[in-house]
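Trainee: Residue numbers (UniProt numbering): 1 to 326.
Where hints are given, some of them may not hold.
What the hints assert, rightly or not - Simulated crosslink set (DSS-like; lysine-lysine; CA at most 27 Å straight-line): (1) Lys236 to Lys40; (2) Lys287 to Lys261; (3) Lys261 to Lys243; (4) Lys21 to Lys261; (5) Lys287 to Lys40; (6) Lys261 to Lys236; (7) Lys21 to Lys40; (8) Lys287 to Lys243.
Simulated from the structure, these hints should not be mistaken for laboratory data.
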Amino acid sequence: MIIMNRNTSPIEALSNDAIAKVAERTLISQYPEEELARFKALYAEQSGLPQGQIELANGSDEWLQKLMIQFGAGGVLALDPDFFMYEEYAQQIGRQMHYVTSDQDYNFDTSDILVAIEDIRPSLFILSNPHNPTGYQFPAADLQQMADAMEAVAGYFVIDEAYIEFGEDYQRPTNPNVIIVRTLSKMYAMAGLRIGIAYAQGTTFDRLTAINHPYPVNNISLNLANALFEDPERLKELVAYQKASRERLVAIFQGLTDVMKVKDTQSNFVFTYGGRAKELGEYLVTKGFLPRMYSQENLANVVRYSIIRLEDYDALEAAINEWRNA
């Protein structure tokens, strides 16, 4: 099967030779003190985030769990739908969840979110931007309103930017209650290394990192990530490939808007629903393509497709055309 249901990279970030060279020079007998400092410096340069205000965890999922522990005691507000692990980690920690539900076209009204913040007064509000599963990127002005509203109720606002490298850069809220979470799993093709990044300011950063491990990521993962960021040519090639794959994916599914609804996306996947979307998804499974389909009632007619290797798109397009002609 050609996997289209995980939103991960279809190619590897580093060659086998590059990986072998990193392994040869990695000291597994030592704690990753120098490797960690090197990564923070490289990632700060790449991302534009201040080096002294970023910290790592074992994947962004670990940050989500820690956020629930440290900031979720007064209840957690999220969107419905959004990344399903928000609810999963809230349940693990015993945090009460509240939701702002989308309309029938999976859009969210910012005014509804602001009203929910004022009424519920959650201690934590978390959303993905670009949004998972729709791919929508919230405007900077809307995010600023949300940050202000959460600050007014003495709560914390988390922006999960797992897919931001596929979207547009924007002016992030500078409120002291804002936390940014990122990952190397999507654009940078390193989901298996489990490197999650969190950014915050002042006492929020102190509180966020107070329960973090002294060496949260291992030597080999850090050295492999550093090898990518130390190689600007390979990094440029990787990013170009991911974006080219995204463009091909979007172009193919935009050609189906006469038979189903296809959301605009700022991520590495496309979100289809309504019409004959489920029928196409089920047909493509028989042709060797595995998209994401959902068991939740409000997503029953949704099928999501993530990027694949460039050489596989001709077969995907041929299968789609075969379905249309039939």
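Trainee: Take the hints in turn and mark each one as holding or not.
Mentor: Evaluation of the provided hints:
1. About 19 Å separates the Cα atoms of Lys236 and Lys40, which keeps this hinted pair within 27 Å; it holds.
2. Proximity of Lys287 to Lys261 is assessed by CA-CA distance (about 22 Å); at most 27 Å being required, the pair is judged to hold.
3. The hinted pair formed by Lys261 and Lys243 meets the criterion: a straight-line CA distance of about 22 Å does not exceed 27 Å.
4. For the given pair, Lys21 sits about 47 Å from Lys261 by alpha-carbon distance, which is inconsistent with the 27 Å threshold.
5. A threshold of 27 Å between alpha carbons decides the hint, and for Lys287 with Lys40 the separation of about 43 Å lies outside it, so the pair is violated.
6. Only pairs whose Cα atoms come within 27 Å are accepted, and Lys261 paired with Lys236 is rejected, the gap being roughly 33 Å.
7. Proposed proximity of Lys21 and Lys40 is supported: the alpha carbons are some 21 Å apart, at most 27 Å.
8. Straight-line distance between C-alpha atoms of Lys287 and Lys243 comes to about 25 Å, which keeps the hinted pair within the 27 Å bound.
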